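Sequence order for the protein chains is A and B.
For the first sequence, my numbering gives the first residue as 1, with consecutive numbering after it.
For the second sequence, my numbering gives the first residue as 1001, with consecutive numbering after it.
In short, the hints are calculated from the structure, not lab data.
Fair warning: this is a prediction, and the values are worked out from it, not measured in the lab.
The beta carbon of each residue, even a glycine, is placed where N, CA and C say it ideally should be.
One or more hints might be untrue.
[What the hints assert, rightly or not] Pair by pair, the computed Cβ-Cβ distance ranges are:
1) A:Gln116 x B:Arg1066: 28 to 34 Å
2) A:Ala236 x B:Asp1090: 40 to 46 Å
3) B:Arg1198 x A:Ser229: 27 to 33 Å
4) B:Arg1231 x A:Gly341: 42 to 48 Å
5) A:Ala61 x B:Gly1245: 39 to 45 Å
[To be verified] Stretch by stretch, here's where chain A covers chain B in the computed footprint (C-beta under 8 Å, at least three residues):
6) 1149-1160
7) 1250-1264
[What the hints assert, rightly or not] Below 20 Å or equal to it, Euclidean Cα-Cα: the simulated EDC-like pairs (lysine to aspartate or glutamate) are:
8) A:Lys107 x B:Glu1040
9) A:Lys107 x B:Asp1196
10) A:Lys107 x A:Glu142
11) A:Lys49 x A:Asp64
12) A:Lys202 x A:Glu364
13) B:Lys1002 x A:Glu91
14) A:Lys107 x B:Glu1112
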Amino acid sequence: MTAQRVAVTAIGVVSPLGVGVAENLAGLRAGRDAVTAASAFDVSLCRAKTAGQVDAGWTFAGADRRWHRASHFTAAAMREVHAGDPGFAPELAVIGTTSGGMSFGEKYQRAQIAQQRPRQRAQWLANYMPQKAVLDALGACEWMAPMQIIANACASGSNAIGHAFQLVRAGLHRSVVCGGYDAISELVFVGFDSLQAATPEKVRPFDRNRTGLVLGEGAAMLALESLESARRRGAAILGEVTGYGIATDNHHLTQPHPSGVGPRMAMERALADARREAGGIDYINAHGTATPFNDATEGLAIAQLFGSRVAVSSTKSMMGHALGAAGAIEAVFSLLAIREGFIPPNINYAEADPAFALDIVANEARDARPRRVLSNSFGFGGTNASIVLEAA
Amino acid sequence: MKAGIAGLGWVTPLGSELDAVFTALREGAVAETTSLRNPESGRELPTRPVPARLIEHLARNPRLRRSSNISYFAVAAAQAALADAGLAADSRTALVFAVSNGGVIYTRRFYEQVVRQGANAASPLLFPETVYNAPASHLAAVLGIDGAAYTLVGDHSIGLAALHFGAQLLALGECDRVLVVGCEELDWIVCQAFHDWRLDREPLSEGAGAVLLAREGPLTITTTTGVPFLRRADAEAALRAAIGGASAEVTIGSQSGQLGDAPGASALWQVIYAALALRRGDVRSALVPVPGFNQQAAAALIALD
């Protein structure tokens, strides 16, 4: 089959940095710290007390009152894609998430424990399942595309973009809307807290004194289409997806192999897929959760593959780790870096880790003209994904 | 998308032997119904579980020490499919995993600890098993799969969606074989939820189905993307659209009347039953239609190559 070039014709994003591309771009340029006191549930018994949260007062205009918060995020991001390219009509939706509408499941379980049978329980169940947010978002755009919902933990968003990219490149689909979403839930917050993977301090990716991650939330969507088709109808071309790598390291359910073999394989495969050498990458939007384990293995793998020649930052330093949405949000951020000519900062960075020599974009955005960006996402279960995005 | 079927495996409430379960189903056997108690309300909820002696036998893998039934089922069905094909997983084997409810036993237990004992008492041993891709991770580790491994979530149609996803991976040339595994495990909270949601026309059940896809095989399966619907009233029309112009000698409908309803596994059980019927020469083609309950309808055609 003839390989198609794969264009991104529209993007949409909701994150703790803001609702929509413009607010997120301003936050990235300013290096805004969007991590605040966790407010959705009681965290008094947790070590960690903060999270990157989408403004609690914001709702998606046109939302059904029964929707889960995840549907609001997903619909807003997808509607921004629709508004950005009204001529785009997806044949398929490939969307990542880790936990769907989990907080509605929590409500249901709390009601069971309290031996209550509230009227809303059927609505909680209907809106709890991961497919519901995608259905709501598609409905908000009046798109009725079939969907593939990937739940590969924190790599889900990148996996979704990567798979969608492969389908369009191979000509199996002409147009695919892809991305990821997640909304903070108590179960997941407490879960990371129980593992002591969440920090009670500032989130400091790649810093020598990093102490863990902060959870985030949000959604991001991308319109992918064959470049030829997009050009034919005069669509704006925001960039291209050119490579995707996936690897499974099989070491441990929650910890990466200390050698960095998983991240390294994913990055190598993405580079090979894009037919690029490591030296051709201008910026790496790292997974960079700020857990001691992740950053050690990812930092080592980046240093081994790229040396210290490439600019690296973790935008999770500003907004926390949005789990299934992270890869998609970071793909949007990577495209913004390419289009707007800057590299987003890795804030809260004070001291280099001597275990790996990297060019960390510390604390302030850097003026630059990156043309090729590698974005990493790794997750529980040893799942690793990397994608390459390039200027058109 | 079209792919070959190289191997089959399942764990069902009627057992895990391919031929024995097929024969039992054909003869109209119905898995034993037992009740699972909601400890909060005292309500007894009908279920069709995998027999306890079979679960005990499946739970012996060291990697699975901390996991729950869903991972036992997944590994057993996948290994059976590979054995059926006379193959081992290798670096050109991908994994596509289908779930609807996922690892509900540990998810319910973990959050129960949070509610009853407080967040600072919740066990870090349980949390990792609550993520949707935990069973796929265990399976990849057991089989040594280091490449593509995807977990897909959705409604009853997810098994067919996973087969379609697997066929896509083959068409992309990313691998030579794809192990497609659909799984579900029973827990009282899911039974209660399905009851409250009025989706419990049949008792819920559990188990796994595994289909090893290859580029070619004596049997082929033709899959399509599902047809989504927003309202349940539109599901029938969606199913008609999913079937399209496909026709076959027989239609293999839901076996939930015999095996119970295991959303993540049921569609794969239907496919495996159809494939076994073809292998035996009973029929030359079979259509498997699956109406999902809140997402999409899907259909697959299994035929002799």
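Quiz item: Looking back at the numbered hints, which does the structure fail to meet, lowest number first?
Solution: 3, 7, 10, 11
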